[in-house]
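Peer 1: Model the full assembly from the supplied sequences, consistent with the hints where possible.
The residues making up each chain are set out below.
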Amino acid sequence: MNIAVFGMGCPKCKATEQNVREACKALGIDAEVTHVADPREFARAGVRMTPAVVVDGTVLFSGKVPTVEELKEALQKLRS
Amino acid sequence: MRDVVVAGLLALRDYVATHVLTCLVPAFLLAGGIVSFVNREVILEYLGEKRSKLSSFSLASIASFFVAACSCTVIPVASGLYFGGASIGVAFIILWVAPATNILALTYTGSLLGASMALARVVAAIIMAFLVGSTMSLVFQKEHTAPAPSGESQPKGAILEKRSALLLFLVLLSLLLPNYLIRSGPYLHKVILWAVLTVLFAVYAKLTLPPKAIREWLRETLWFVRLIFPLLLLGVFVVGVIGKLLPETWIRAWLGGNSMRSSFLATLIGAISYFATLTEAPFVSTLMKLGMGKGPALALLLTGPGLSLPNWLAIARVFGGKKALVYVTTIVLLGTVVGWFFGNFIFAP
Numbered sequence: 001m002n003i004a005v006f007g008m009g010c011p012k013c014k015a016t017e018q019n020v021r022e023a024c025k026a027l028g029i030d031a032e033v034t035h036v037a038d039p040r041e042f043a044r045a046g047v048r049m050t051p052a053v054v055v056d057g058t059v060l061f062s063g064k065v066p067t068v069e070e071l072k073e074a075l076q077k078l079r080s
Numbered sequence: 081m082r083d084v085v086v087a088g089l090l091a092l093r094d095y096v097a098t099h100v101l102t103c104l105v106p107a108f109l110l111a112g113g114i115v116s117f118v119n120r121e122v123i124l125e126y127l128g129e130k131r132s133k134l135s136s137f138s139l140a141s142i143a144s145f146f147v148a149a150c151s152c153t154v155i156p157v158a159s160g161l162y163f164g165g166a167s168i169g170v171a172f173i174i175l176w177v178a179p180a181t182n183i184l185a186l187t188y189t190g191s192l193l194g195a196s197m198a199l200a201r202v203v204a205a206i207i208m209a210f211l212v213g214s215t216m217s218l219v220f221q222k223e224h225t226a227p228a229p230s231g232e233s234q235p236k237g238a239i240l241e242k243r244s245a246l247l248l249f250l251v252l253l254s255l256l257l258p259n260y261l262i263r264s265g266p267y268l269h270k271v272i273l274w275a276v277l278t279v280l281f282a283v284y285a286k287l288t289l290p291p292k293a294i295r296e297w298l299r300e301t302l303w304f305v306r307l308i309f310p311l312l313l314l315g316v317f318v319v320g321v322i323g324k325l326l327p328e329t330w331i332r333a334w335l336g337g338n339s340m341r342s343s344f345l346a347t348l349i350g351a352i353s354y355f356a357t358l359t360e361a362p363f364v365s366t367l368m369k370l371g372m373g374k375g376p377a378l379a380l381l382l383t384g385p386g387l388s389l390p391n392w393l394a395i396a397r398v399f400g401g402k403k404a405l406v407y408v409t410t411i412v413l414l415g416t417v418v419g420w421f422f423g424n425f426i427f428a429p
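Read top to bottom, the protein sequences are chains G and P. For the first sequence, position 57 matches number 57 in this note's numbering, and the numbering has no gaps at all. For the second sequence, position 110 matches number 190 in this note's numbering, and the numbering has no gaps at all.
No lab work stands behind these hints, which were simulated from the structure alone. Just so you know, not all the hints are guaranteed correct.
Some residues of chain P that are not near chain G, with every Cβ distance over 12 Å (derived) [stated by the list, open to error]: (1) K133; (2) I155; (3) A158; (4) L161; (5) I207; (6) L250; (7) A275; (8) V321; (9) W334; (10) V398.
Calculated lysine-lysine pairs in the DSBU-like style (CA-CA distance at most 35 Å, straight line) [as the list claims (entries may be wrong)]: (11) G/K77 <-> P/K292; (12) G/K14 <-> P/K369; (13) P/K292 <-> G/K25; (14) G/K14 <-> P/K403; (15) G/K14 <-> P/K286; (16) G/K14 <-> P/K242; (17) P/K242 <-> G/K77; (18) G/K72 <-> P/K242; (19) P/K403 <-> G/K72.
For clarity, every value in this text was computed on a predicted model and none was experimentally measured. The C-beta atom is built at its ideal place from N, Cα and C for all residues, glycine as well.
Peer 2: Here it is, written out as structure tokens:
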């Protein structure tokens, strides 16, 4: 699973990345978490608002910092 | 040295203590509400559509109020629009208007410097937005290679639900009424009116919204507080210190009156130095007490939060150096003229 956090290094984006890592750890998912900071990539991925979480090309969250719980729920749904 | 620190602390007491409850708390709640209740994705969809310049520029100016309230989100939003196919004019209007006049900045400006200054700030920012948008699209008309958005509009979700719209309106009342109904008398009167209105919207929220929505709203509000409040405290302290150190005669000589030169200098200070969101208002208020004219004050209010050296570099990195150069030059020229014009013809006694 490839999880990308989109954001230009603002505190909200860092918090998002941390929550993503925590959610993965809690679920035991061995995912590659990357941080995309180039705004040109945002448009290409269909991300309008940052911070955004994109899993294998699908935008799961955008424009807010998802909580660990929300991330767990969404990731679980993707896995099943 | 001690004097200087005391001046900084006094400024903190003046600007923050008397504004936290009746101005900052409701403003943060309003900004948080806008972020969590307003469907910004839908607004951005509208902005990406093909339409006439007049309508897309107006839409972009209005949308900026709702799309981003802090400068850290505005560059990704603007570049996302640009690389997603919106016109360059629209992208730079968002880039300009959102920090120059967002809801937080406006309310703080209004309560520190008066409603007329806040109103001037909105009007001037929107006039400048149209000119900046036109300039950018004129200069870079041919360069835009991003895929053009499809002309037909798809069905979209609602921008804002009725219930949350009414809630935002109530929060807005709790922000405006204490500051505009009670102009004199002890600060406590304002606090009482604020408390009554706050209880009112809290009850309304509890009755109409699901707990999840309320939690989300408070979470977004807390983000604004966390991001902006520490910088505001620091900024206000620094402003107090600067006000103590700068000789009044300098301010009068360089920024006094409403001449083109003072306006240009004020614009330049605003365009180069970094102001954390909201700190421009106490800075301008301090300088005005030391003799800065109203026109230059407006120019500094406009360019302060919208532009800074780090911000130029970020824009250059994302949009390219040439666009950044044209943008910054246009803003500095326009800021100077707008400051001069408002100082001589609008604020003139």
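Peer 1: Does each hint fit the structure? Answer for all of them.
Peer 2: Quick rundown of the hints versus the structure:
1. K133: holds (21 Å)
2. I155: Incorrect as stated: the minimum Cβ-Cβ distance to chain G is 7 Å, not above 12 Å.
3. A158: Given a closest Cβ separation of 8 Å, the condition is violated.
4. L161: violated (8 Å)
5. I207: About 27 Å separates P/I207 from the closest Cβ of chain G, which puts it past 12 Å; holds.
6. L250: Non-interface label stands for P/L250: nearest chain G Cβ at 23 Å, farther than 12 Å.
7. A275: At roughly 29 Å from the nearest Cβ of chain G, P/A275 sits farther out than 12 Å, so the non-interface label holds.
8. V321: holds (26 Å)
9. W334: holds (35 Å)
10. V398: Incorrect as stated: the minimum Cβ-Cβ distance to chain G is 5 Å, not above 12 Å.
11. G/K77 <-> P/K292: holds (20 Å)
12. G/K14 <-> P/K369: With a Cα-Cα distance of about 40 Å, the restraint between G/K14 and P/K369 is violated, given a limit of 35 Å.
13. P/K292 <-> G/K25: Judged against 35 Å, a Cα distance of about 25 Å means the pair holds.
14. G/K14 <-> P/K403: Holds: G/K14 and P/K403 sit about 29 Å apart, inside 35 Å.
15. G/K14 <-> P/K286: Judged against 35 Å, a Cα distance of about 31 Å means the pair holds.
16. G/K14 <-> P/K242: holds (33 Å)
17. P/K242 <-> G/K77: Holds, because 31 Å separates the two Cα atoms, which is no more than 35 Å.
18. G/K72 <-> P/K242: Distance of about 31 Å is within 35 Å: holds.
19. P/K403 <-> G/K72: violated (42 Å)
Hints 2, 3, 4, 10, 12 and 19 from the earlier list are contradicted by this structure; the remaining hints agree with it.
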